[in-house]
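Modelling step: build the complete structure from the supplied sequences, incorporating the hints.
Listed here are the chains, written in short residue letters.
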Amino acid sequence: MALKTAEKYLESLRKLDLKVWMFGEKVQNIVDHPVIRPSINSVAKTYELAQNDAHSSLMTVASSLSGERINRFTHLHQSAGDLVNKVKMQRLMGQKTATCFQRCVGMDAINALDSVTYEMDLKLGTKYHANFRSFLRYIQDNDLVVDGAMTDPKGDRSLRPSQQPDPDMYLRIVSQNSDGIVVRGAKAHQTGAINSHEICIMPTVAMTEADKDYAVSFAIPSDSSGITYIYGRQSCDTRKLEGSSIDVGNALYGGQEALVVFDDVFVPRDRVFMCREFQFSGALVERFAGYHRQSYGGCKVGVGDVLIGAAAQMAEYNGAAGASHVKDKIIEMIHLNETLYSCGIACSCQGHRTPSGTYLIDMLLANVCKQNVTRYPYEIARLAEDIAGGLMVTMPSEKDFRHPEIGPYIEKYLKGVAGVPTEHRMRMLRLVENITLGCAAVGYRTESMHGAGSPQAQRIMIARQANLEHKKKLARIISGIDREE
Amino acid sequence: MKITAIYCGGCNPEIDREALVKQIVKRLGKPVYPFSPGTDPDLSLFINGCPRQCVNPRTAEGWSGKAIVVAGLSIDAWEVSQEELVDTLLRKINEIEEKFIPIN
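Chains as they are written, first to last, in the working numbering: chain A, 4 to 488; chain B, 514 to 617.
Hint data in this document are derived by calculation from the structure and do not stem from the laboratory. Keep in mind that the hints are not guaranteed to be accurate.
Computed beta-carbon distance windows for the label pairs [to be verified]:
#: 1; chain 1: A; residue 1: Ala286; chain 2: B; residue 2: Thr572; range: 24 to 34 Å
#: 2; chain 1: B; residue 1: Ala573; chain 2: A; residue 2: Trp24; range: 51 to 61 Å
#: 3; chain 1: A; residue 1: Asp485; chain 2: B; residue 2: Leu586; range: 35 to 45 Å
#: 4; chain 1: B; residue 1: Leu586; chain 2: A; residue 2: Glu426; range: 55 to 65 Å
#: 5; chain 1: A; residue 1: Arg160; chain 2: B; residue 2: Phe613; range: 50 to 60 Å
#: 6; chain 1: A; residue 1: Asp56; chain 2: B; residue 2: Met514; range: 31 to 41 Å
#: 7; chain 1: A; residue 1: Ile337; chain 2: B; residue 2: Pro544; range: 52 to 62 Å
Here are the simulated DSBU-like cross-link-like pairs (lysine-lysine), alpha carbons at most 35 Å apart as the crow flies [said to hold, decoys possible]:
#: 8; chain 1: B; residue 1: Lys515; chain 2: A; residue 2: Lys474
#: 9; chain 1: A; residue 1: Lys474; chain 2: B; residue 2: Lys605
#: 10; chain 1: A; residue 1: Lys474; chain 2: A; residue 2: Lys402
#: 11; chain 1: A; residue 1: Lys474; chain 2: B; residue 2: Lys612
#: 12; chain 1: B; residue 1: Lys515; chain 2: A; residue 2: Lys130
#: 13; chain 1: A; residue 1: Lys330; chain 2: A; residue 2: Lys243
#: 14; chain 1: A; residue 1: Lys126; chain 2: A; residue 2: Lys22
#: 15; chain 1: A; residue 1: Lys126; chain 2: B; residue 2: Lys612
#: 16; chain 1: A; residue 1: Lys402; chain 2: A; residue 2: Lys243
#: 17; chain 1: B; residue 1: Lys515; chain 2: B; residue 2: Lys543
Heads up, the beta-carbon is just placed ideally off N, CA and C, and yes, glycines get one too.
Right, dumping it as structure tokens:
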């Protein structure tokens, strides 16, 4: 059976020998660390729901490689229906965790690599596709988490990788022999890296021949020698160290990012998927980005569902649910959220088969999807804050609430409508705070802006994909300038 | 070798499907027939305006012979540039024609 339980996943993480640093100290036990554990719980949820009869039809699928039932996060999409189900699964996961659940980057990386390595081998006579498929079979058979790692630090953005004063600003090949390659560099903002069994590297931009040492893709175990993880801070992260369940907003689940440093890391030959084939680096970047821009039409929508629910619940707790402007704001939030979902579904329905058999999303619609994601969650968050009220950011702590002397004041003066405990009101406010400006805002806001590429990256793709000449021709025909042929 | 063209609906094309077929006809020097039931072509060209492949050998009914699927800027799922589109399609047609054995 290829499917792991959530418990087995936690057990497997304990066996990893990861070099993780946080707050200037080496972390000895990542699994039980209070700052890290919520992010691990989010990934564990992908295992838990795969075992749940009420969700397994969405969370699992028959492998195209083995025929075995596998977690959809390790699947190669074999139809437009698979692409649609991917987005639905992501919405479900967002609803269940209210945060980034981190397993999407790996899924998007394997799908991009499958078609690109296949086409690269046929065009250039290389032998990477077999390496990749062998790696993927191992991932599927063992139900592993893969960190899809693309973003390099990039240094001076006006210079190409090979022009940087420090050559390590993009991850690169520093040497190679018959056994494999040695790489140096770093990957930034690595979502879920510390919760992953494997790390799968891709180039971050289309490379030229001068940059060919930077055109590299491979996968290695996350605890390989020479890899160091430096944990990323999140707004309000140290609240997790206070032992509070209210003030964190979401006590169970969270997201995670890290700066991952590769200090002369050896990669065996059979784990290399691209080695200086700069001609295909652009295709790999575009396809991974396309899949990941589709992903946001699912995951952010699921988190949006929770935020809309929290806003509507707060309106009831405040006694404002009947106000017409509040009702209208909630309708607006739903409209924006479902528009994002529509884009995620649309780019999936319009997906097509690539030569390897793996399906690729409609690139134009996926980029439109992500462009909307750079905007709408901000508006949804603004409306949620509007409805929740200012108490969200001025409310006393849980410790004060629990204090025998001052707690009763909070209980009395922070009460909303009759019948709703003050604690419920506080919990809901903290949840809104968590998603809009606390730990989960990393995923819901800034990741919506910059994850899978910043807004301008999508606008470049939209300009490239849209057939403007066709639109001009349509206008010339309708206006009587040209005749229809 | 009788060739037919089966078109998608053309809702949002990224290529000019009709212009493509006209160029193929001109370069081949022989007709490409519109598809209709009973045509019994030796080669069916599935001409889609975008990569979605709304018409393809799996979904179309009544087609016969060999198949080539043009879907936006791709031929048989392989991406091609706008400049390469006509030449690549012609080359594929010629490859099929070279191996074609008429059945009388």
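So, going through the hints one by one against the coordinates:
no.: 1; hint: A:Ala286 to B:Thr572: 24 to 34 Å; result: holds, 27 Å
no.: 2; hint: B:Ala573 to A:Trp24: 51 to 61 Å; result: holds, 59 Å
no.: 3; hint: A:Asp485 to B:Leu586: 35 to 45 Å; result: violated, 23 Å
no.: 4; hint: B:Leu586 to A:Glu426: 55 to 65 Å; result: holds, 59 Å
no.: 5; hint: A:Arg160 to B:Phe613: 50 to 60 Å; result: holds, 54 Å
no.: 6; hint: A:Asp56 to B:Met514: 31 to 41 Å; result: violated, 55 Å
no.: 7; hint: A:Ile337 to B:Pro544: 52 to 62 Å; result: holds, 54 Å
no.: 8; hint: B:Lys515 to A:Lys474; result: holds, 34 Å
no.: 9; hint: A:Lys474 to B:Lys605; result: holds, 30 Å
no.: 10; hint: A:Lys474 to A:Lys402; result: violated, 62 Å
no.: 11; hint: A:Lys474 to B:Lys612; result: violated, 40 Å
no.: 12; hint: B:Lys515 to A:Lys130; result: violated, 39 Å
no.: 13; hint: A:Lys330 to A:Lys243; result: holds, 34 Å
no.: 14; hint: A:Lys126 to A:Lys22; result: violated, 39 Å
no.: 15; hint: A:Lys126 to B:Lys612; result: holds, 23 Å
no.: 16; hint: A:Lys402 to A:Lys243; result: holds, 13 Å
no.: 17; hint: B:Lys515 to B:Lys543; result: holds, 9 Å
This entry does not satisfy hints 3, 6, 10, 11, 12 and 14, going by the numbered hints stated previously.
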